[in-house]
Amino acid sequence: MARALINVPAQAKRGEIITIKTLISHTMETGFRHTSVGATIPRDIITTFTCTYNGEEIFRADLFPAMAANPFITFTTIATGSGTLVFNWTGDNGFTATESSTITVE
Amino acid sequence: MFENPTSRRQFFVAVGSLGAMLAVRSAQAQVAANPAAFGAAIGKVTGGAEVKKGRVKLDIPPLSENGNTVATSVTVESPMTAKDYVKAIHLFAEKNPQPNIISVHLGPRAGKAAIATRIRLADTQTVTAIAEMSDGSFWQDTGDVIITLGACLEDPV
Chain A
396 MARALINVPA QAKRGEIITI KTLISHTMET GFRHTSVGAT IPRDIITTFT CTYNGEEIFR
456 ADLFPAMAAN PFITFTTIAT GSGTLVFNWT GDNGFTATES STITVE
Chain B
60 MFENPTSRRQ FFVAVGSLGA MLAVRSAQAQ VAANPAAFGA AIGKVTGGAE VKKGRVKLDI
120 PPLSENGNTV ATSVTVESPM TAKDYVKAIH LFAEKNPQPN IISVHLGPRA GKAAIATRIR
180 LADTQTVTAI AEMSDGSFWQ DTGDVIITLG ACLEDPV
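Protein sequence lines correspond, in order, to chains A and B.
Residue numbers for the first sequence follow the numbering used here, so the first one is 396 and each next one is one higher.
Residue numbers for the second sequence follow the numbering used here, so the first one is 60 and each next one is one higher.
Calculated from the structure, these hints are not laboratory results.
Heads up, the beta-carbon is just placed ideally off N, CA and C, and yes, glycines get one too.
Where hints are given, some of them may not hold.
Here are the computed lysine-lysine pairs in the PhoX-like style, where the Cα-Cα straight-line distance is at most 20 Å [stated by the list, open to error]:
1. B:K112 to B:K146
2. B:K171 to A:K416
3. B:K111 to B:K146
4. B:K142 to B:K103
5. B:K171 to A:K408
6. B:K146 to B:K171
Facing chain A, according to a computed beta carbon distance under 10 Å, are these residues of chain B, among others [to be verified]:
7. S132
8. H149
9. A152
10. T207
11. A210
Covered stretches of chain A (in silico footprint by chain B; criterion: 3 or more residues with CB under 8 Å from a CB of chain B, positions within the stretch not fixed) [said to hold, decoys possible]:
12. 453-464
13. 469-478
The task is simple: from the sequences and hints, build the whole structure.
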């Protein structure tokens, strides 16, 4: 299980724009590198990242090998109500990771 | 000492040509720009629509020592209402082996169109950010980055 760091404000005012920062540990092997004997190192990257807020998708990203290792993505959303944000990463070789965090909206 | 001057000359010629060979090899190792693939990747996103300059602000350091992590952020001017919002932001690198970097899909729920991430760049090049609006228009901004040590060239494990 890959380690993921999520930064979501614990509390927000209704209608406020909040910034969400996400980081997940992953090598993001590009598939363009070679070993010392010339064999290609196969591609192993995260291809999709999604974030849902109380079940509604608010952000989706398609990732390519040009993303740095340990993909770090920040984005914004409007705090509409208290609930759960679920973060999901999927990638090559059946990689999946899910994290969630809760937010209280006044 | 001077009985065989040609061997000395041959030696320098040989060293010179070796140097030239190395120069050629290192030039080959550097990733060549692939305008066809770059244009195709952008065309796939825009569908041939005109891409105008403006509204998008790409924030990328002009000089980066390490191409493996280049902090990049994109903001797009948009009211982000249900009728007028940014649908997607795409990042492209002209001299990477594959031009696509990331495509993010947003909606009016985002509040503002602002993303930040870290990317890999193989060589000194221009990075292009294209924003797709809900009305079907495309806007772009470009940023020139000088890379001291490119990604993909480090010693493999």
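| field | Unmet hints by their number, sorted upward, for this structure | value | 4 and 10
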